[in-house]
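Place chains G and U on chain Z using the hints.
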Amino acid sequence: MQQAIRAQAVQEAPLFEGEQTYERITAQIGDIPFEKHPIGWTVAFGLGFAGTTLLIFAIAVLLLIGLGIWGINQPVAWGFAIINFVWWIGIGHAGTLISAILLLMRQAWRMSINRFAEAMTIFAVMCAGLFPLIHTGRPWVAYWLLPLPNWLAMWPQFRSPLEWDVFAVSTYFTVSVLFWYMGLIPDLAAVRDRAKSQLAKVINGILSWGWRNSAIHWMRFESAYLLLAGLSTPLVLSVHSVVSLDFAISIVPGWHVTIFPPYFVAGAIYSGFAMVLTLVIPFRILYPKLREYITMHHIDMMAKVMLATGLIVFYGYMMEAFFGFYSANLFEKYMITNRMTGPYWPVYWALIFCNGIVIQALWFPKVRHNLFWLFIISLIVNIGMWLERFVIVVTSLHRDFTPSGWGMYGPTFWDWATYIGTLGFFVMMMFIFARFVPMLAMAELKDLWYRLYGHRGGHNGHAPAKEPTHAPTSGGGA
Amino acid sequence: MERERDPMFWRSLNERYANKRQLPLYREQLAREFPPEAAPHSDLVSRRQFLKLMGASLAMAGLSACGYKPQGPVIARAKIPEEALPGESLYYATAVTLSGYAKGVLARVYEGRPIKLEGNELHPASLGSTDAFTQAEILNLYDPDRSQNLLKFGQIQPWQAFTSELMQQLAIQQAKKGSGVRLLTGIITSPTLADQIQTFLKAYPQAKWYQWEAVNHDNVYEGTRLAFGEWLNPIYRVRQAKVILALDSDFLYLGPAAVRYAREFADGRRVRENQREMNRLYVAEPMPTVTGFSADHRLPIHSSRIGLLALAIAQAVGASVQVEAAGELTPDERKWAEAVARDLMAHRGESLVIVGEAQPPTVHAIAHAINATLGNLGKTVVFTAPPEAKPTLCTNDIRTLAKEIEAGQVEVLIMLGTNPAYDAPADLNFAELIPKVPFSVHLSRYTDETSALCVWHVPESHPFETWGDARAFDGTVSIQQPLLYPLYANTRSALELMATINGQGGKQPFELVQSYWKGRNLVPAAQFDAFWRKSVHDGIVPRTALPIKSVALRLQPLPPLPEAGQGFEIRFAPDPTLYDGRFANNTWLQELPKPVSRICWDNVAFMSLKTAQELGVVGTESVALVHDSAPLVQIRVNGRTLVAAAYPIPGHVDNAITLHLGYGRTRAGSNGSGTGFNAYTLRSSDAMWFARGVEVVTTGQRYTIARTEEHHLIQHGQLDSTHHRPIMLVGTLQEFKEDPHLEKHRHGHAKNGELPSMYRGFKYDRYQNPQNYRYAWAMVIDPTVCIGCGACVIACQAENNIPVVGKQEVVRQREMHWLRIDRYFKGPVENPRTYQLPVPCMHCENAPCELVCPVAATVHSEEGLNQMVYNRCVGTRYCSNNCPYKVRRFNYYRYTYYKQPVLHLLQNPDVTVRGRGVIEKCTYCVQRINHARIQAKKENRRIRDGEIIPACQQACPTKAIVFGDINDPDSEVSRLRREPHLFAMLEELNTKPRTTYLARLENPNPELSAEAHDAASH
Amino acid sequence: MAQVFKRYHNTVARATIGGGLLALMALIFGGSSITRSPWWTRAGEPPDQPVPFSHKHHAEELGIDCRYCHWSVTKSAHAGIPPAEVCMTCHSQIWTNSPLLQIVRDTYQQDKPIVWNKVNDLPEFVYFDHSIHVNKGIGCNECHAGIEKMQLTAKSQPFSMWFCLNCHRNPEQYIRPKGEVFNMYYKVPRTAEEMRALLEKHGIPWNGQLPRNQQELGALLVKHYNIHKEQLSDCSICHR
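Protein chains in written order, with our numbering: chain Z, 9 to 486; chain G, 2 to 1019; chain U, 192 to 431.
Looking at chain Z on its own, in the form it has when it is part of the complex (with noise of 0.2 angstroms):
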C-alpha cells in the first residue's frame, strides 16, 4: 500500500511543495487563526453576511405574507425552492465523498482537501435543509412530518418520498457533522497548545475533548475515523437517490424517470467537485501558504474526477432525451420536446452546453492545469447545474397532461433574494470557517508526509532509510 502511495508521489507531481517538516505543517496551517487576515477575508465575509441579512429578510416577509410572494402557480407548483434544494444538496455531496470514499480508497491525494470538503459540505446541506421547510405552505406544523408521538394518533405517510427525504438529509447532515469534527479533534488541540490568548486556548481545549495525543487516542481516533467512513459511504449515494426519488416516483413525464438515481448522484458529485474548486481556487490566492498543500497535483486530480463525473451526467441528458422519443409515448415525447423547443428551450440548451460542452475542456492537461480557466469552467458548472434542476422542475410542470392546466412560472424577486441569500450564507459560514479552524488536516497531513518521506528531516524527493515499522504517531506540535 504505501508502496503505491510512495511511487504515485515519485512520479506525479508532488503532493507537497517546497521543505516540509511537521513543525513547518503546523505553524503553516495552525498559525492561520491566529495571523491577520488578508482584506479579502474581510470583504468575502461582508458580502456573505450582506447575503445572509438578505436571506433573513426574505424569510420573515414569506412567512408573514406568505408562499404568493414567490412565482410558483398552478400548474408550477414547486420551484426556487425545490431547484435550490436539490442544487445545494448535491453539493453536499463532494465532502463526504472526499473524506469516506476517497479515504476507503486510500486516496493520498484528499488528505489536503477533505477539511475544506467537508466543511463546504455541512454548509451546503444547511442552505440545502432550509428550503424544504420554507417552501412548505405552513412550515409552523412541518414537524408533522417527524413521526414523534402525538396526541392526532395520525403518522406521517411513509410512501412519500418527502417523507423519506427527511430521513435522509438529516442522516447526512449528522453524519457530516460528526465526521468533520471528529477530524478535527487532533488539530484543534494543535492549535490550543500554540494559541497565545486564554480564551482560544479554553475554547480549543473544550472542543478537542483534552486530546492529549496519546497513543491510546490516536488508536481510538483511526478506528473511530474508519468506522464513520464507513458509515458515510452509503450515504454518498443513498441521499442524492433519495432526493431523486422526489421526482422519479411522480407520474410527471420528465420526472418519472428510471434512470433519476444514479444520474443525480453523478450529477451531484460532479457539482460538488466544481463548488470545491471554486472555493479553492480563490483561497490559494488569498492565503498562498495554502499552495504547499494543495498542489497542480491535487486540482489536477479534482478536474480529473469533474470531467468523469461530468461525462455520466451528460450520458443521463442524451438518455433522457432517448427515451423521450423511443417510448413513443405522447406525453414523454411532448414533454422532451418542449425542453427543448417550448418556451424554456434557451434553458434547455445552456443547460446542455454547461454541462456537456464545456467540461470537454478538461479532456486538456493544459486546460486542467491553468488556474484561470479552471476557475471559470467550476463556476460554469455550478450554473449548468442549477440550469439542470431548472430544466427538471419547471419545464415538466408547465405543460404536462392537460392543456387546459397549462402556464409559466417565473421567479420574483423574493425568489432571487432567498437564492442570493443562502450564496451569502454559504459564503459566510465558508470565511468564517477560515478564520477559526485550521482549514487543512494537520494531522492527516503529517501522517501523509511521514508516510511519503519517513522520519522528520526527510527532505522532498529523498527516499526515507528505511520504512516505518509502526503506526504513525506524528504529534499534534508541542
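Honestly, the hints are just simulated from the structure, not real lab data.
Partial selection, computed: residues in chain G whose CB lies under 7 angstroms from chain U:
#1 Arg78
#2 Ile81
#3 Val870
C-beta atoms are modelled at their ideal positions from N, C-alpha and C, and glycine is treated no differently.
Just chains G and U, lined up with the frame of chain Z:
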C-alpha cells in the same frame, strides 16, 4: 399531410398557429422568457399590508401552535324559535329578478342567514335550476359596498328630512296635477308595485312614468307588432323543436327564460342507448356565444346582414315577405341558408326560428313569417300578452324623458333602481341632464353613477330583506318573502318608497303585498289565508300565468332592412357575467371565466384574427403573443371614441368588433369600479345594438387581461401531440348509431378499462346485507348537453366558501375555482367547432395525489372519495404537481380574509374555511353526503338515489351532471356508466377516475357537414 | 506552561454529556405531559358563567332528563343551549325572585339573549353531530362524563383527536343500548341475568351466545345498529 401538421384540438389562436411560428417571434420570446409579473408584488408587500398580514399570520401561527385557544362565547336564545331546529337549515321559496323578470329560487337559511340559492322546481323559469346570475345574487345581498344611508348631496340625512322635503315638493306638484313629476324605473312586472305607481299616477294625472333597461326587448315587441299587429310576448317550446335556427340570439344563456330554454334544449338532445335522437341547432351570429358554442352549425355573419339571411330563408321556405333589402349574401351564406331552409321545411311544425333582441323589428317579423309558414305557431312558438305592468319601448321612453328634461319640463324626477347616468344611450348625455332637475330622488342599492348626480339618494333594500312580488317570462307571479332581518336600518324597498309617496308611509311591505293580492279576489275571501300560505310556500301564485293567445300572421308593411354592406361594424352585447353592468361589484361574477372567452375581470374588443391582423394590432406571427397582455386600440364610432383592449377570438366574423356592455364603471363599488372599458360611451339611441362606419386604430400600448386558460401559451413548435391527447371523445350522431362505442375516435382511450397496477386497488364491493350497505360515489358529466354557462362554477363557489383571488392572482394562475370548464377548439380559425368540458376532481381510485403526501392529508375514503383534510395539510403541493388533471388549488395567500364582517354571514357553516398555505379541491360536496348519510343512518335506511345532489348538479340548467352511487346498479349514475359512449379523461394513466364523461355528440346536417368536416380537417 | 484545565474539568465534561441527554429527555416528556395536562387543555376547569347553573342539582337531584333542555340533541348536530324560555317553564313558578335568576328573567322579558361561556369547544374544522351519536347508542356521559355531578359545568374531556379516534376505531368498547343513552347511571351488566334483562328490556335480539362483557355486547350492538365500523375513521367523517 395537412392533416398531419394541423391540430385537431386547439385552445387558442396561439396554439392554432403553432406551426406557422417564425423566427422573430422566437427572439421576442427569448426576450420575455419570464412573464412580466415576475416583478415583486409591491401591492402585497407594501408596509401597511405587511404589518396587517403579520398580525394575521402570527395569530394563525399561534392558533395552530396550541390546540386549545380560549373558548369563545356561546349565545343562547331568549325564546324558543318556532320552526327552526338549532343547527339545521330551513328552505324558503322566493324569487330573484333580473331586469324585472322573476326566477324562482329556494333559499337555504341557516340560523337566520341565507347562504345558498337553489332553483325552484315549481317555477316555470327555473325548473329547479339556476343560472350564474341567480347563484351570485346571494353575494349581492352581503356586498359590503351596499349603500346604507339616506344621502342628500352626499350628506347623511335622517329619514324625516327626506319625507318632509319630498312631501312639500309633491304638494307643489299636486297643484299642477303633477305635470312636473317624472317617474323612471326599470322594467316592472311586480303587480303590487305597479298598483302603487298607478295610485300615484291617479293622484297626479299629468305625471309620467317611464321605464328604462339598457338590455331591453323593444325590437321583440315591435317585431310582433309588425307581424301580428300588437305587442306580444313570444314563448318558445324548445323541447318540441327538432330543428332550431337562432339568428343572432343567445337564447340558451340570456333572457328571462334562458334556464328553461336550456333545459328544454338539452332534453331534446340527450343521447342514450335507448334514446338516439338529437335536435339540430343552427346559429348565425357575429360573435360566438354560449348558444353558438352549442350549435351543430354556426355561421359567423354581421348583425347587419342577418336580415338578408333571414329573408333568403323566408323566400326559400316560401314565406311571402316583401321588404326592400340592399346587399347580397355571399355564395357560402346562400348555400347555408338554403340548406337550413330545406331542413326547416323537412320539419314543419317541429322547427323553430328564434331572433335575438338585437335584430331590428323587420327581422323579427320575417322570423314570425317563417314560423307561420312552417306551421310552428302554437306548436313550437306561442304568444301571450306582455307580462310587464306597462309594456313600453324603453328607448323611446328614455329619449322622451331626456327631451323633457332638456326642455325644463321636469321638476321632480323619481328614479327607482335604474342607473341611466351610466347606461343611457350616449347621445342623450343623461349624466349632464340629471343635475338640471331641481328635485331628483334616486333609489338604489349602491351610491352609483346616478346617485352621485341626484339631490337625494335613498338606499334600497335587497329583495331578500323585504316583501314583494314579480312575474316570470310567462306571467307567473312569485311572492318574494324576506329571508333575513334587514342588514341595514335605513334601507327601503321600492314598494315602501312608493307607499311613502302615496302617503301611506306607515304601511309595511307585507301589508302592501298581501292586501293587493286580497284585492285581486283570486279565491273566495275565506280561502285566502290557505291560498296565500300555499303561494308563499310554493314560490308561485297558482293560475297567474298569462293565457296563450291564438294569433294569425297579419304582416304590416315592413321597414327596410339595415343597409348591409361589408363595412366595418361594431356590435354591443350584454356581458356574459356582468349583464348590463349591475353585477359589476359582484366578485364571483367578475372572476367567473366568461363562458366563451375565458376572460375574467375585464371586457375586451373581440374581433376575428384576420381583422386583428389587418388592423395591425397583431401580426401574423405575433398572434402567438396574445397572451396576458393585449394591445390597446382606439375605437371611433361617429364621433365618439373608446380605448379598449383588442382580443382575437376564433369564430368571430371579419371586419367587426364585439364589445360587451357593463364594464368601465366609475361608481360600482370597491371591486367593480375601474374594471374594463365602458362600451356605453359608444352606444347611441339610434344604434342600440350595432353600428357601422367604425374606425379602429392601434395605440401601441398594451393592457394586461386575466384569463383562466392558455396562460402565456407561448408557442412550442412543430409537435401536435398535445392536440391528440385523450382528453375528450367526440363524434357525430351518425357515427354513434353506427358504433355506439365510437372506437375510431377513442385516441388514447383504453378500450375496456382494467389496466395492471402495482398497488393493491381499493375494494369497493358493496356488502350484500342491506344493513351494512357500502356506497361508491361517482359522477358522470355529459358534454353533449353542457352549454358551458358557468352556473355550476358559481354554485360550487357559493356552496364551498371558495375565495375570490382578484385579477392579479388570476394573471398569476392562482384562481381557486374547484370546478373549471375546459374549452377546446377544433377546425379552421374562421369558424371552429367548440367543445366544453366541466372538470371537477376526478376522485381517482388510484389517485396519484394520495401516495405523495408526506402527512396523509389527502387519503381515500371507504366510499371511494379522494378526501382532502385541510387541517392536516402542511402545503408541500406535491399532490398538485402529481395530479394529471390539475384540479387541485393552493392558498398562496390568506385569500379568505374579510375586513368587512358582513361577509362572514355568507359562509357555509358546513364547510371549513381554508386558511393560508393549504391545498383544497372538489370534495363531491362531502358535507351534503355526510348530511344525507347521517339522516339515512338515523332512519336505518339506505341513501336514496338522487338524495345527494352536489351544488354543481343542482345548479346545472341542462342537467349535464349526474352524481350517485355506482354500487347500486339501478342508480342513474350507474345506468349512465353503462352507456357505450362513456369515457374517462386520460384513461391510459390508469387513475380509474370516479368522474367520467359521455362522448360529446353532434348532429350535423349531412348537406353541410361535408364541408364542415373538410373545414375541421384543415 | 500552565495547564488551562484542572483535573475536575473531566468530571464537568462527563456531567455535561450526561446532563445534556437527561435534559433532552426531560424536555420531550415534560413537554408532552404538560400539553396533556388540564392546565393546558382546561379539562375539568369550569369557566365563569353569567348564571351559576348546576347540572348536579337539575340532572341528578331533580332528575330532569337531558332532553328537556337540550331537546335538539336527537335531531340536530347541536345539542343546543336552552333558551331562557325553557328555564322559565319552571322558574316562573319556583325561585321566582331569586337574585341568581335575575339575568334569566330579564332575558326572558327583554328578549335579549344570555351570553354563556363555551365549555365544550371543538376546532372549526371538526364537524361533530350529536344526533347520530345518541341515535347509535353512545351515551351522553361517554364524552360528558360526570356531568350529572357538576355543580359548575366543565368539560370532562380535552377532546383530543385521539379521544375521538379511540372510539371511532373500535366503538364496541363504548356503545350501549339506545335506550340507555340518557341514563347517567348506566352500568355494563356483569352477570348473565343482568345482560339478558338489559337486552330484553331494549328488545335487542341475540342469537345463541349471550354476550358476556362490554366487548361482546358492543359487537352485538354495532351489528344491530348497522354501524359501518370501517368507515368511522375516514377523515371526511369529521373533517370537510
